[in-house]
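Chains A and B, in that order, are what the protein sequence lines are. First residue of the first sequence: 1, per the working numbering; consecutive thereafter. First residue of the second sequence: 1, per the working numbering; consecutive thereafter.
In case anyone wonders, no lab produced these hints; they're calculated from the structure. For glycine and all other residues, C-beta sits at the position ideal for the given N, C-alpha and C. Some hints could be false.
Coverage of chain A stretches by chain B, computed from C-beta distances (three or more under 8 Å per stretch; other residues unrestricted) [claimed, not checked]:
hint	region
1	37-48
2	120-132
3	229-237
4	250-256
5	265-276
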Amino acid sequence: MNKLREPSLLFDRIFPVGVIVALLVIGWYAATFFLNAPYQRDLNARQGVSVTTSELVGQTMRQQKPTMPAPHQVASALWKATLGVPVTSKRSLVYHAWVTLSSTLLGFLFGTVLGVLIAVGITHIPALDRSFLPWIITSQTIPMLAVAPMIIVILAAVNITGLIPKALISTYLSFFPVAVGMVKGLRSPEAMHLDLMHSYDASTWQAFWKLRVPASVPFFFTSIKVAVAASLVGAIVGELPTGAVAGIGSKLLAGSYYSQTIDIWAALIAGSVVAMLLVALVDVAGRVTARVMGARPT
Amino acid sequence: MRFRLNWHTVVALGLMLLSLFNLPFTATSGTALPLLILWFLVLAALGALAVPPRPALVASFGLLGHAAVLLLLRSLKGAEGTATLGFYAALAASWLLGWRLVTVLSGDGKRGSEGPGTFVSLLIPALFGFWILVLWEAIARGAGIPFVLLPPPSAIGHRIMGSLPILAADFHQTVLKAVLFGFVAGSLAGFVVALLADRYRFLAKGLLPIGNMVSALPIIGIAPIMVIWFGFDWPSKAAVVIVMTFFPMLVNTLEGLRAAGSMERDLMRTYAANHWQSLFKLRLPAAMPFVFNALKINSTLAMIGAIVAEFFGTPIVGMGFRISTEVGRMNLDMVWAEIALAAVVGSLFYGVLTLIERTITFWHPSYRR
Chain A
1 MNKLREPSLL FDRIFPVGVI VALLVIGWYA ATFFLNAPYQ RDLNARQGVS VTTSELVGQT
61 MRQQKPTMPA PHQVASALWK ATLGVPVTSK RSLVYHAWVT LSSTLLGFLF GTVLGVLIAV
121 GITHIPALDR SFLPWIITSQ TIPMLAVAPM IIVILAAVNI TGLIPKALIS TYLSFFPVAV
181 GMVKGLRSPE AMHLDLMHSY DASTWQAFWK LRVPASVPFF FTSIKVAVAA SLVGAIVGEL
241 PTGAVAGIGS KLLAGSYYSQ TIDIWAALIA GSVVAMLLVA LVDVAGRVTA RVMGARPT
Chain B
1 MRFRLNWHTV VALGLMLLSL FNLPFTATSG TALPLLILWF LVLAALGALA VPPRPALVAS
61 FGLLGHAAVL LLLRSLKGAE GTATLGFYAA LAASWLLGWR LVTVLSGDGK RGSEGPGTFV
121 SLLIPALFGF WILVLWEAIA RGAGIPFVLL PPPSAIGHRI MGSLPILAAD FHQTVLKAVL
181 FGFVAGSLAG FVVALLADRY RFLAKGLLPI GNMVSALPII GIAPIMVIWF GFDWPSKAAV
241 VIVMTFFPML VNTLEGLRAA GSMERDLMRT YAANHWQSLF KLRLPAAMPF VFNALKINST
301 LAMIGAIVAE FFGTPIVGMG FRISTEVGRM NLDMVWAEIA LAAVVGSLFY GVLTLIERTI
361 TFWHPSYRR
């Protein structure tokens, strides 16, 4: 047991993660070869060319519409779609990512506000606690993501188009983690602290602002981290129906229609980068808030 | 018996008065039926004002209020879209009485009293669900909302009854093939990899940050790729489900395996237990709450993954296929029927997992009475 050793960034973080990532990339290249080779062999046989194995490997890495694009193909597609074209162009992934990001953020904002309101209601109104909380949990066993396209179509029928419908789907997905996390957070003060507020003759309102809200802040940031990721998924799926012409989701759908696998992978990675940035941003905001509020470093 | 005012009932009585001056309720209701409804509501309101709330009293005021609202829905028959102010006022009044009923049932804000019994604690959320359906039905039919926008629940129920074979076929294709297989394979793979990563710490150090990162990614986006690889039929959907369920299981199991206390672990060491003995006798049981947490998360993810993956190409059967094509044909009642099916399946899935969890982790503090 080497528990007492101080964990080092290099040996406990970077090195193991690096090795796993390297293994994944190697596995990716291997998969590229094995998944693309059958088609390539077929093609070569039809054209009557015979190639050596190493040439075959090269060919599988250079296909136009590969079953599995090689990492460098995806990387170059990403490079071209972000830095190779102006940001405002429809071929720029930055433009599409921005479209998705804007509806993600709007939906995330709605969802967070809604979730906090629900949590405040549940902690203060017993009838709401008993009747509503079970349904909030049930609401998430409904695969609402799956009916997102329908909601878009319905809202389009009543002339609500653009950002709002997509944002509403993000709202539905993101309010739940916030509501559940905040109920937990607002109830996290111990009975002793609540009794202390009581002995100060604090009103419900004062106890709420001076005790419950500060106590719930760590829960708040943990839950909005989940919520922002869910918002992004909601926005992407919201773009799947044919109505959407811009956004990561529409790029995915277009790529799947025309079998542009490289484009699909590039869009997927762009979406992942956006997700990571959002989560990192929330994480930093949480840390800064904790420090400002004087939390002990853990 | 004495009476004490509460705001729900007072507002409800005001609304009843408003409703009385705005008769009739709908084009075909006449005045006799509305008066009967209002009479029921007034009786229910009197019951809601009486203290102390004895069970028989609460039951009778609840029954009267709900009888009134069912009659209210009946008055809409053949008169869709003609509801007047009186109708909505009566609806709001009966809704407030319903709220009052739930407040009384959940202890009326008294602290320290023990919680309601099993029946009441099931009844309260059931009433909430009932009211969502009632308000939906009353507003959708009362205001005459176009069918293509929001079909009333009764029409959806009718459609479910009328297309059971189609729903069964979709259920078979999506749930029994794609969801179940993907859920079991993905969760099992995540679990096994977590056990390996627990044995070889290096693997855990490398996998945990990646797993945490991946759980924030929009994995659902791999659906088109999987359809290209595995074809239109259910294997491609199962593949999406496997990838979606793998990481939550991995991350949660790894976290759970660290949940056993150091004291218990030291005890295992003093017994000279080897890695596998301490794993199976101490740490795996301690990890079970985390494993079930992952299984619950995965149950939802599996349904979502399979249905969304069907949007990218599918044989002509399946819940996702049905949703996307019926939206195109504006058959919204069929879409809602599929949603209802998905909701029921999702809730049952979740419920079954909860039941299994209770029998396996019966020792956990959260189940103690």
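- Violations among the numbered hints, reported as their numbers in ascending order: 1
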